[in-house]
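**Q** These are the residues of each chain, in order.
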Amino acid sequence: MLEIKDTTEQGITIVHLKGRLDGSTSAQADKYLVDHSASSDEASILIDASELEYMSSAGLRVLLMAAKRAKSSQGQIALAEPQEGVRQVLEISGFTSILDIHPTRAEALQALAG
Amino acid sequence: MRFTLKNDLSELNRLATELEAFGQAESLSPQTVQQLNLALDELVTNTINYGYEQPGQHSIEVEIERKGDVVEICLCDNAKAFDPFSAKEPDIEADIDDRPIGGLGVFLVRKLMDTCDYRRKGDRNVVQLSKKL
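Heads up: the sequence lines are chains D and H, in that order.
In terms of this note's numbering, the numbers along the first sequence are unbroken and rise by one, the last being 114.
In terms of this note's numbering, the numbers along the second sequence are unbroken and rise by one, the last being 247.
FYI, nobody ran anything at the bench for these hints, they're computed from the structure.
Heads up, the beta-carbon is just placed ideally off N, CA and C, and yes, glycines get one too.
Take the hints with a grain of salt, since some may be wrong.
[To be verified] If you anchor each label on the Cβ, the simulated ranges turn out as follows: (1) D:Gln28 / H:Asp212: 48 to 58 Å; (2) D:Lys18 / H:Gln242: 33 to 43 Å; (3) H:Ala139 / D:Gln74: 48 to 58 Å; (4) H:Glu207 / D:Gln83: 19 to 29 Å.
[Said to hold, decoys possible] Chain H residues, not near chain D, derived (Cβ > 10 Å throughout): (5) Lys120; (6) Ala130; (7) Gln138; (8) Glu140; (9) Gln148; (10) Glu167; (11) Gln171; (12) Lys181; (13) Asp183; (14) Cys190; (15) Phe221; (16) Val240.
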């Protein structure tokens, strides 16, 4: 189960992921992010992972594709507040070097706004 | 503990529920449960997505047991022969443009488990994993 909702703060879209991002929910997350980048002039996205309990490599794939899309449209993508398990997956797979990851949402917002 | 999953990605939820129950029964930390879940999730997802040439329902058997300070897992399916541990490791230092999309799942399994073995037994794939606690 994955719940996705978005809000806007300081002109930046924040996509909030709640639950589990795995092979059964990754298509839903991917479609959401693709639709957002297609319908918005704002190329930057903040992904709020504070309530993301679990993520497998299917989730890494979604994040990588979103980061590639953002890069090709001169945008940025930042991930805020990953929980320990999710952070470990990001670290093991070397995603900490290609994604902008912040311990708090405020810091992530600041990085994207700045 | 032993359970069977169908070749449907919605079964990942049940995998998580079964492992929570196992973790509780064996007094494992939530972190260990999540690591076991991740390893099984990656292998089961690959089998469901790529393992079956014939459509229709198939079963994936999972056996998980704690022996002292080691958790042993055996995963068994009748999908086409495939050794998940034969794949080359992905380059996890490449920059974003060259970063491969695939191959990360099995890489995570190798990193999270202490031993990973594959063998083909008759028409079945048998994967054995172990993790020290």
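**Q** Take the hints in turn and mark each one as holding or not.
**A** Structure-based check of each hint:
A C-beta distance of roughly 27 Å is found between Gln28 (chain D) and Asp212 (chain H), which places it outside the suggested range of 48 to 58 Å. Checked against the hint of 33 to 43 Å, the C-beta distance between Lys18 (chain D) and Gln242 (chain H) comes to roughly 35 Å, which is consistent with it. In this structure the supplied range 48 to 58 Å holds for Ala139 (chain H) paired with Gln74 (chain D), their Cβ-Cβ distance being about 52 Å. Range check, Glu207 (chain H) to Gln83 (chain D): about 25 Å between beta-carbon atoms, so the 19 to 29 Å window is met.
With a minimum CB-CB distance of about 12 Å to chain D, Lys120 (chain H) clears the 10 Å threshold, and the non-interface call stands. Once the 10 Å rule is applied to beta carbons, Ala130 (chain H) is inconsistent with being away from chain D; the minimum gap is 7 Å. Against chain D, the non-interface label of Gln138 (chain H) holds: every CB pair exceeds 10 Å, the least being about 16 Å. Annotated as non-interface, Glu140 (chain H) keeps its C-beta farther than 10 Å from every C-beta of chain D; the closest such distance is 18 Å.
With 10 Å as the threshold on Cβ separation, the claim that Gln148 (chain H) sits away from chain D is violated: the shortest Cβ distance comes to roughly 4 Å. Distance to chain D confirms Glu167 (chain H) as a non-interface residue, since its nearest Cβ pair spans about 19 Å, more than 10 Å. Residue-level check passed: Gln171 (chain H) sits 17 Å from the nearest beta carbon of chain D, beyond 10 Å. With 10 Å as the threshold on Cβ separation, the claim that Lys181 (chain H) sits away from chain D holds: the shortest Cβ distance comes to roughly 24 Å.
The claim that Asp183 (chain H) is not at the interface with chain D holds, since no C-beta of that chain comes within 10 Å of its own (minimum 21 Å). Residue placement check: Cys190 (chain H) keeps its beta carbon more than 10 Å from all beta carbons of chain D (closest about 19 Å). Not every C-beta of chain D lies more than 10 Å from that of Phe221 (chain H), the closest at about 7 Å, which undercuts listing it as non-interface. For Val240 (chain H), the condition that its CB be more than 10 Å from all CB atoms of chain D holds, with the nearest at approximately 22 Å.
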